[in-house]
Amino acid sequence: MENLIALLVAAPLLGAAVLLCGGRRLDKTGHWLGTLLAAVSFGIGAVLFADMLGKGAEDRALHQKLFSWIPVEGFQADVAFQLDQLSMTFVLLISGVGTLIHLYSVGYMEHDERRRRFFGYLNLFLAAMLLLVLADNYLLLYVGWEGVGLASYLLIGFWQHKPSAATAAKKAFLVNRVGDMGLSIAIMLMFTTFGTFAFGPVLSSVGETSEGTLTAIGLMLLLAACGKSAQVPLQSWLGDAMEGPTPVSALIHAATMVTAGVYLIVRSGAIFNASPDAQLVVAIVGAVTLLFGAIVGCAKDDIKKALAGSTMSQIGYMVLAAGLGPIGYAFAIMHLVTHGFFKAGLFLGAGSVMHAMNDEVDMRKYGGLRRYMPVTFATFGLGYLAIIGFPGLSGFWSKDKIIEAAFAKGGTEGWILGGVALLGAAITAFYMTRVMLMTFFGEKRWQPAPDADTAPSAEPAAEHRAGELPHPHESPKTMTIPMIVLAFGSVFAGGLFSLNESFVKWLEPVTSFEHGHPPIGAAAVTGATVVALIAGVGIAYAMYGRRPVPVVAPRGSVLTRAARRDLLQDDFNHVVLVRGGEHLTRSLVYVDHSLVDGVVNGTAASVGGLSGRLRKLQNGYARSYAVSMFGGTAVLIAATLLMRGV
Amino acid sequence: MSPTAVHGLWTTAADPLDRIPAPHIEYAQLAPTLIVVGAAVIGVLVEAFVPRRARYLTQVFLAFAALASAFAAVVALAGAGYASGKAQIAAMGAIAVDGPALFLQGTVLLASVVAVFTFAERRLDPAAHGNRVDSFAAQAASVPGSESEQAAVKAGFTTTEVFPLALFAIGGMLIFPAANDLLTLFVALEVLSLPLYLLCALARRQRLMSQEAAVKYFLLGAFSSAFLLFGIALLYGYAGSVSYAAIADVVDGTVARMDPALAATMGNDALLLIGGALVLMGLLFKVGAVPFHMWTPDVYQGAPTPVTGFMAAATKVAAFGALLRLLYVVLPGMRWDWRPVMWGVAILTMLAGAVIAVTQTDVKRLLAYSSIAHAGFILAGVIATSKDGVSSVLFYLGAYSFVTIGAFAVVTLVRDAGGEATHLSKWAGLGRRSPLTAAVFAVFLLAFAGIPLTSGFAGKFAVFKAAAEGGAGALVVVGVISSAIAAFFYIRVIVLMFFSEPKPDGPTVAVPSFLTTTTIAVGVAVTVALGLFPQYFLDLAGSASTFVR
Amino acid sequence: MNPVNYLYLAALLFTIGAAGVLIRRNAIVLFMCVELMLNACNLAFVTFSRMHGNLDGQIIAFFTMVVAAAEVVVGLAIIVSLFRTRHSASVDDASLMKL
Amino acid sequence: MGFPLLTLTAVVPAAGAVLTAAVPAARRTAAKWLALLVSLATLALAVLVAVRFEPGGARYQLTESHWWIKDFGVRYALGVDGIGVALIVLTALLVPFVIAAGWHDADPLETASKRWRPTQGFFALILAVEAMVIISFEATDVFLFYIFFEAMLIPMYFLIGGFGDRAHSGSDENAAAQRSYAAVKFLLYNLVGGLIMLAAVIGLYVVAGNFSLVEIADARAAGKLDMATNTERLLFLGFFFAFAVKAPLWPLHTWLPNAMGEATAPVAVLITAVVDKVGTFAMLRFCLGLFPEASKWATPVILVLALISIVYGALLAVGQRDIKRLVAYASISHFGFIVLGIFAMTSQGQSGATLYMVNHGLSTAALMLVAGFLISRRGSRLIADYGGVQKVAPVLAGTFLIGGLATLSLPGLAPFVSEFLVLVGTFARYPVVGIVATFGIVLAALYTLVLYQRTMTGPVKEEVSGMPDLRLRELLVVAPLIVLLIGLGVYPKPLTEIVNPAVEHTLSDVKQKDPAPEVEAAK
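Protein chains in written order, with the UniProt record's numbering: chain A, 1 to 646; chain B, 1 to 549; chain C, 1 to 99; chain D, 1 to 523.
Derived from the structure by calculation, the hints contain no laboratory data. Since this is a predicted model, take the numbers as computed values, not measurements. Glycine residues also receive a C-beta, built at the ideal position from the N, C-alpha and C atoms. It cannot be assumed that every hint is accurate.
Stated by the list, open to error - Covered stretches of chain A (in silico footprint by chain B; criterion: 3 or more residues with CB under 8 angstroms from a CB of chain B, positions within the stretch not fixed):
#1 602–610
#2 614–620
Stated by the list, open to error - Taking lysine-lysine and the DSS-like style, the derived pairs with C-alpha atoms no more than 30 angstroms apart in a straight line are:
#3 D:K391 x B:K86
#4 D:K70 x D:K224
#5 B:K387 x D:K70
#6 D:K296 x D:K461
#7 A:K65 x D:K493
#8 A:K505 x A:K55
#9 C:K98 x B:K503
#10 C:K98 x A:K616
#11 A:K365 x A:K477
#12 B:K387 x D:K224
#13 A:K477 x A:K444
#14 B:K86 x B:K387
#15 A:K28 x D:K511
#16 D:K391 x D:K296
#17 D:K493 x D:K224
Construct the complete structure from the given sequences, taking the supplied hints into account.
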């Protein structure tokens, strides 16, 4: 059985290789090949899952060692996989959602002449992501970690001819690199502390080292997680990442890659459990991001950016949960999965809308679309209900548990975290309702299509002539089917997982679990959540449902304006990092040229000058030569005599 | 033998005639010198009696034959063991026949052979009025630009006297390093200098500069030899003899028989020190050490290039030989007096030579300064005052002389309307025009620069190693620094030849006869051979590095 | 009379000669100064020879004269040819080559 | 003694150089093919060396030893350890690519005279460099090493100064001037370094009495040879200076950007991927091998210099406007990593450093050669003159990107392995240094991606609009390199197996043990 694990990664990897090296002859069939291999990966995953269910809870973990990777004295890095319940969950999510989005892209990218390459990149991403969750040691995980970074770089910048896309891609990679720094330092610390960085040995021998070391490792891991999962302070890249094609946003920047940070933290749970400080920091980062993302989400008029903000905020929930320790890990993963469903669904819906609206992304130019694209409306609506946590739908189950756990943390921090989570729920309800209303309700605010080049983020995938009003239509089957499937997931997954805590029990062997007891009782928390939900929806309806939405955004309050600019984080980066960096490099270039090099050239020049002066002595007059000889002799004699004298 | 007996020959002249003991001269051991000088005399006779047409060939053949047989004699002597075991002092103590002497004589002779080839080269200058000419004045006596000169040129005169003159000079050079008493030293010095003065004046082109060079060389040379002579006088006064051995004894204080008459002067070290310094100065002038070097650039530039090559190589060899013998045989007892002084001279020479050369614009002057820098390097070996020091210097001289002659031979090839185009700007892009010539010159330059796999490196390494072992580490460091500076201007020339675009009115490279070709070929061959496989020659130098006294 | 005085005289003459070389312009005069130096050396040789009571010095003096004569031959030849070309015997005029 | 395989490995290219140079002017193509074949033959021999080499065996294998210059105590002594083998193979491997990539770089202009044979010269010089580099990797005699360490400057100098980019922006005189400036700078820098080393070599002889690496090391180990502390330090500095110039290490690096900028891309690869490796290799073998104590004494300073090189090089790379100069500064940063790994004196660090030498060779070759192809198309080295290339030449862009990703040592590609080993090895003994060095990976990403973005992405510039994609010859040059980069990234084991024993020997020379982990984890 365990020999199948490698195939999970191999299948999409093969696809990537074939599609990228295959050349034009694959243009016709390439996308189907890619989709097929993704499906194969999912199939294998399903088989392994079935097999796993057949075993006892404790001996479900599978292990496969391929070969010894970097054998150096005292340093063993193997290419080896570990498939336990946690990895399994991810495998199914990644390959499942992945397959659906491949399918969706077949239709979505139909008109792009580089579709083959797009699918190659998607497969590459799947392979890297699966490697990430299947690795049995941190170094191999690091490989997958950077692999998904590469894939996301390639896909964000897929429309490279757009400077904005290229810049966004570069930004994403760089910010992630900062996170990767954290990961590599963490690995080095593990190596010097434990002499290895394989999950088993490291996590089992946590007890034998000082808490300080563990805190350091934990914080470095957190840094990595922040980079990958767009948590404050490394969140700035996610918004720009929406430059990529919408399926990419759905798969990578909503469902899977951005959740890798959560995986890392949960996977390293033992380390965090042993270091409360690090754990608290994790929770705080989660809480902060949760609000940050939500606020940003409220202000964006670009539908994808709004969803990106919400993604940020939802991952905030997961990180918060992961920061709560054993009482939260399971729920973090559970929310991760449900979020995978409904957020992917929402993004696909958004893509479908843009597809219909000449790639318009500004929600202020939508409106009243529910009649024109019923399927999209239905699936999007279900996703919406799920994310705001409408009782009974997936989001409700997972989010509510997280809020409970937050309160259950106990003490003032428990109250604060819980309160924040609750507030977040309200804001979520608000901005998602806003999106919903602006897109599907109200009157039409459609605008004639701009021509592809001038539009800031026009996706030239779809063909449309400039200057004409959009004529919305339902998307083709290849696009709607995945949306429907995901919609099912976003409706039922949560409930299914929560049936007598099946999901928690499933994960328990890996993450360990203990029941949290909120000071005010679970029922009260749930009630509070529902109230917050209703409040959020109500305010949104009052603002966008009752009165018409202006086509041009009003100036808005200071907070709004700041939120539109991602709360000024980019401006800060620009001033401090970019400008500062430019100045630094420019001055260094100067130093190198005039100082370091100047010394060298200066020496040469001075020798030349000395030479020029000395050569004047050679003035061509025989008698002056005689003088020098005479003087020389005198000195010679004097010196000799002196020597004897001394 | 005892100091006074050396010149017993003359002191007993007062006795009745029938009892004059004939001086005992070992003709066999002096054969090399005798052959060359004899050939020189014959050469003069040739000038007198052989018709003008036949002179050139006769002279060339004579010179070549003489040098070749002289070299053969040297080899024979060395083979007979005079270089090592049977080393002795010949000609009533006047001349030493030992390793260094024979090695240097051999080097001088070989260098002279190839140098004489360049003397005899007749294909470089365009044939004037149908008769080929060499690089020497048609008629030295005629005023430049005068009718008489034109007439001489028209008549196709050539100064074949250069060959006997060269032979005389070579004779002097053979004696110079072998001289075992100060008088012989002085005479040898003059014998080698006077012909050179004349040779300098005999350039066919740019005769003004040639004559100027001769005048400068002559006046300064005479000036220095006067100092040398005075030094000899003082040493004689100090020791009561001019024989090296005798002086050495007195210096060491191991004098065989204390002559009451000498007691007064022998105590007087001032005589010794001043005299020593003066003699030293005379020799340093010949090797072109700072601050006695200033004649070098001008003379090298003005003299006919073949002569320059000859001087730069052979004279240096001979002079350093004499210097070595003086320092190792006569003055070892006062090492602690002269070593510091020589340190200063060596450092000055290395640095000044390298630094001043950096801004030179004339190839011949450039090479002149580089020869000064090299004199400095050799001095570093001289200072080592060890067997290794001697052998390293011998090796260096051997290697250096061939590189030099080769380099100057290449200079004779690069010509334009005004004769040799010695200004560096004219060498621009030579590598594009005639890659072979440029490549050969580059090899010589790299050897000068001491790049590994050339003889220059082996020599430099030997010398520095000896110096370092002799406790002169500082000298090595200075030497290394100045080699770095020196490298700069050698590289400059290479850049000029290969990396800069050729000028439209650039010089042409004359196609030489086999003579110059041979010279250059030998130069390259020796340079590479000594660079790759120096072992044999190092052994040779090593086995020849003990002085007899 | 103490022979050492002759040495002082010799040294004096030598210095005069050297000084002459350094300060005079005319090549011939320069040359004569050199000869003066040589002869100063001769005087020194002879004196020392007298002091030491061996004849070497005196014989060396003869050698020196011969050498000096040879020098004259060569030197005059060169100087004359220079004079004929430049119509001046000033060594300072002969300074084409410098630097 | 046996069959002189090592000698042959060096003699073949040397002979090839002579033959190539002898090819008559008209038969230019023949010369090219001859050179290529010779380089391939050399590669075969190098592989044979690698095969015959037994990782478990003696420290130096396939040894040869004959007296060369007895008076100087100099032997013609050859022998390879794992590090040598790795680098010899790298050299022999890269040269064919260099030759193939430079196929047309030295075709003479119409204006040139008939006797001027640049093509023959170009390829002959490349082979000469190869021969000398290989010898210096094989030499176990300090003097022998020094000879070729110095001598290789000359052909290198002619390669830099004699052959520049055909279509260089700016006038020809200007280009020629800059080129010869770069060449002279290269030569003088290295010559000064070499001469200072010469002084040290002589000093070593005075102290040790011979030049045999093995004998000296044994004598030291047996305590027969004790250098005064100061002597050892002075000698060490003399050696290290030369190697630091060659490597190059900050602040002795300024010759590299000029040289790499002015030389043609293949020659630039030859400089940074092959010749410079001799410097780092020599640090490992001679500095540590001959002067262990002094090495340890100097370590703090050297580590700081290495750190400066890493950060400084990367920052300057970000600031460059010229593609080749950018790669040059990137290399300076990478050499910082190599030196760091060497002087961290842990087995991970030194194995990493050795791997780094190989991988950096491959990655720089890939990046620089593709850059060269790009430049040869547009005729400009300025980044600003490009844009949107990926649209018109996707394969070129793709290979360029892979080269770039290798340069920023993306996991899965070979450089990652070495870089991570160096970092871990450094961190194990000097945590702070390790952490600072880690910033290098962010900066690397910065300059690589900025370069890629500015040249390859964005709207297509009209100058590049007609640009042809990679030709077959060019693809054949790049593809194997990429395959190697991926292969060694996924499966570096063969390399590490050869290298590890050698590293252990070196560490035992300096008597250093790896710091043990804090807790012995339950395996």
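Hint check:
no.: 1; hint: 602–610; result: holds (count 4)
no.: 2; hint: 614–620; result: holds (count 5)
no.: 3; hint: D:K391 x B:K86; result: violated, 87 angstroms
no.: 4; hint: D:K70 x D:K224; result: holds, 22 angstroms
no.: 5; hint: B:K387 x D:K70; result: holds, 16 angstroms
no.: 6; hint: D:K296 x D:K461; result: violated, 54 angstroms
no.: 7; hint: A:K65 x D:K493; result: holds, 15 angstroms
no.: 8; hint: A:K505 x A:K55; result: holds, 14 angstroms
no.: 9; hint: C:K98 x B:K503; result: holds, 26 angstroms
no.: 10; hint: C:K98 x A:K616; result: holds, 8 angstroms
no.: 11; hint: A:K365 x A:K477; result: holds, 25 angstroms
no.: 12; hint: B:K387 x D:K224; result: holds, 27 angstroms
no.: 13; hint: A:K477 x A:K444; result: holds, 25 angstroms
no.: 14; hint: B:K86 x B:K387; result: holds, 18 angstroms
no.: 15; hint: A:K28 x D:K511; result: violated, 63 angstroms
no.: 16; hint: D:K391 x D:K296; result: violated, 53 angstroms
no.: 17; hint: D:K493 x D:K224; result: violated, 39 angstroms
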